[in-house]
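A.B. asks: Here's the letter readout for the chains.
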Amino acid sequence: MPLDTSAYSLALLRVDGRRWNELRRIHAQIRTQAAADGSSYLEIGHTKVMCVVTGPSEPGSRRGAIGSTGGGVGGGAVGGGAAQSKGAEVAVSIVIAGFSSVDRKRTARGDKRILELQSTISNALAASLHTHLFPHSAINISLHVLSQDGSLLAALINAATLACVDAGIPMTDYVAACTAGSTSTYAANDEAADPLLDLNHQEEQELPGLTVATLGGSDRVAVLVCESRVQVSRLEGMLAVGVDGCKQVREILDRVVREKGRRMVQEGTVEKGVGLNDMDVD
Amino acid sequence: MPREAEPSLNEKQFIVQALGEKLRLDGREFDQYRPLELTFGDQYGVANVTLGKTRVLAKVSAEVTVPYVDRPLDGVFTIATELGPMASPAFEVGRPTETEVLLARLLEKTVRRSGALDTESLCLVAGQKCWSVRVDVHVLAHDGNLIDASCFAVVAALRHFRKPDTSIASGQLTVYTPAEREPVPLSWLHSPFCVTWSFFGDDGETALLDATWAEEQVRVSSCTVSLNRHGEICQIAKLGGVPVEAVALLQCTAVALTKAKEFSTFLDGKLAEDAKRRNKGGFMAELSSENDR
Chain R
1 MPLDTSAYSL ALLRVDGRRW NELRRIHAQI RTQAAADGSS YLEIGHTKVM CVVTGPSEPG
61 SRRGAIGSTG GGVGGGAVGG GAAQSKGAEV AVSIVIAGFS SVDRKRTARG DKRILELQST
121 ISNALAASLH THLFPHSAIN ISLHVLSQDG SLLAALINAA TLACVDAGIP MTDYVAACTA
181 GSTSTYAAND EAADPLLDLN HQEEQELPGL TVATLGGSDR VAVLVCESRV QVSRLEGMLA
241 VGVDGCKQVR EILDRVVREK GRRMVQEGTV EKGVGLNDMD VD
Chain W
283 MPREAEPSLN EKQFIVQALG EKLRLDGREF DQYRPLELTF GDQYGVANVT LGKTRVLAKV
343 SAEVTVPYVD RPLDGVFTIA TELGPMASPA FEVGRPTETE VLLARLLEKT VRRSGALDTE
403 SLCLVAGQKC WSVRVDVHVL AHDGNLIDAS CFAVVAALRH FRKPDTSIAS GQLTVYTPAE
463 REPVPLSWLH SPFCVTWSFF GDDGETALLD ATWAEEQVRV SSCTVSLNRH GEICQIAKLG
523 GVPVEAVALL QCTAVALTKA KEFSTFLDGK LAEDAKRRNK GGFMAELSSE NDR
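Chains as they are written, first to last, in this note's numbering: chain R, 1 to 282; chain W, 283 to 575.
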């Protein structure tokens, strides 16, 4: 048994020593790849992902990547290339490294799970990015998973958001994501179950959980994915904790971007803009 | 690749503005489904579901195969979806579109991963022989809300299906024909149903159930919730799109639960009706040599 739930109720500590409402350490960097338009590197605990954004640029041949058109055409549209759309197309491709998880396994190229992840990230970002400013163009987001330890979708969304910020693509707000779970398995119908924030791999295997992504500091949910059986009464608690976690994640992402900006001004890489007069450079 | 024509700007504005005035094109309430119909085929395990103009056929088949090496005690259970050019010119054979991939993934998560079918009961001889149950979903006509219709068809077909009876005597596996022994139903644990919400408006403030194809093309985001009648969520998928208030999503889930219960009662009724039709009045009636003539 990876996670002994009885131990949790005794000490209220999870397998990695966290309390129910604690995030794992989030470490993020932006502008990691000098040659790319935008890039980021993000760690949530032991989940490590890299993201590179190219564009907005002229759309090339779009094969292998799932794209969604911006400009308000959401989940319903079938395909819909950049030629027909009013907004830029957001194409996402995900590469999961063979060494990223404990047991090394090759992922098939047309893996439906990865296609679903790509489509989710693409649709989530397309709603936040101002794609209507770049008609007939493509924004290519390529994500690389270096290490997996739970909350993969959340890490991918956060990394993609940071890279889009770095690429300077106008967007409404950060799309910040995290996971939430619930103690005790789905079979037990006890009301005393605590919600948990930010599941790691062991907890993800054992407990019901969901991934939430919200737009900025609001309560508006862009992505909600739940893949396990859970009582409908537990959803409210899990969602509340998840949305709260997203707000914390947003603050962390915002700090990373501001810190990088401050350093770039200090180093003289960029001119201090007029809007940044109140920024504390020293 | 042929593409579905997008609705014109006028059409889009018309639909959205009408929804703002609490009106749908076909005059339904926002949380009302189109008339749902279910017919079973002559064979066991064929379900034909129509939801308005959307029509989905699910067929279940079973054969004896070798189980996977890493799961010697489990049977094989697959759901295959096929969106052919019959449903829409935008669908091609052999090249899955995004819609098809997401549909297949949703059905898999709803029915397979939630453990609706007890795959361990499909095992015949550990590590050597097991049943492979396969559901083929054919979309015959596409007028929106494929997900709910397909999920209902899959669950109905699986619950209707009977697999041949088997016995093992001294290591010898015998599969009986329907004439020798009555086929047996699958070991079914719970019936999950998908309920899809579509959101409209700049902030996704208008929520509709059972969107038609025209509405689906205009919607800004969607959320599919799968539930069974015991109030267990099997899966939630809001895969991007315009963000929606968390409280609104919770309300949607609550309404989805009542819809799932309605589906469940409807399916139970239809299955009982079909069982009555097939049962000619017991064993004595079958033995009787009298006929209608």
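These are computed hints drawn from the structure, not numbers from a lab. Each residue gets a CB set at the ideal place from its N, CA and C atoms; glycine is no exception. Please note that a few of the clues may not be correct.
Simulated crosslink set (DSSO-like; lysine-lysine; CA at most 30 angstroms straight-line) [unchecked claim]: (1) Lys48/R - Lys86/R; (2) Lys558/W - Lys411/W; (3) Lys411/W - Lys105/R; (4) Lys562/W - Lys112/R; (5) Lys558/W - Lys112/R; (6) Lys411/W - Lys541/W; (7) Lys86/R - Lys341/W; (8) Lys294/W - Lys552/W; (9) Lys341/W - Lys541/W; (10) Lys335/W - Lys562/W; (11) Lys304/W - Lys411/W; (12) Lys294/W - Lys558/W; (13) Lys562/W - Lys552/W; (14) Lys552/W - Lys541/W; (15) Lys86/R - Lys112/R; (16) Lys552/W - Lys411/W; (17) Lys552/W - Lys112/R; (18) Lys341/W - Lys294/W; (19) Lys105/R - Lys86/R; (20) Lys558/W - Lys86/R; (21) Lys112/R - Lys304/W.
Per the computed footprint, the stretches of chain R lying under chain W, defined by three or more beta-carbons under 8 angstroms from a beta-carbon of chain W, are [said to hold, decoys possible]: (22) 111-122; (23) 234-245.
A.B. asks: Would you list, in rising numerical order, the hints stated earlier that this structure does not obey?
C.D. replies: Those not satisfied are hints 1, 2, 4, 5, 6, 7, 8, 10, 11, 12, 16, 17, 18, 19, 20 and 21.
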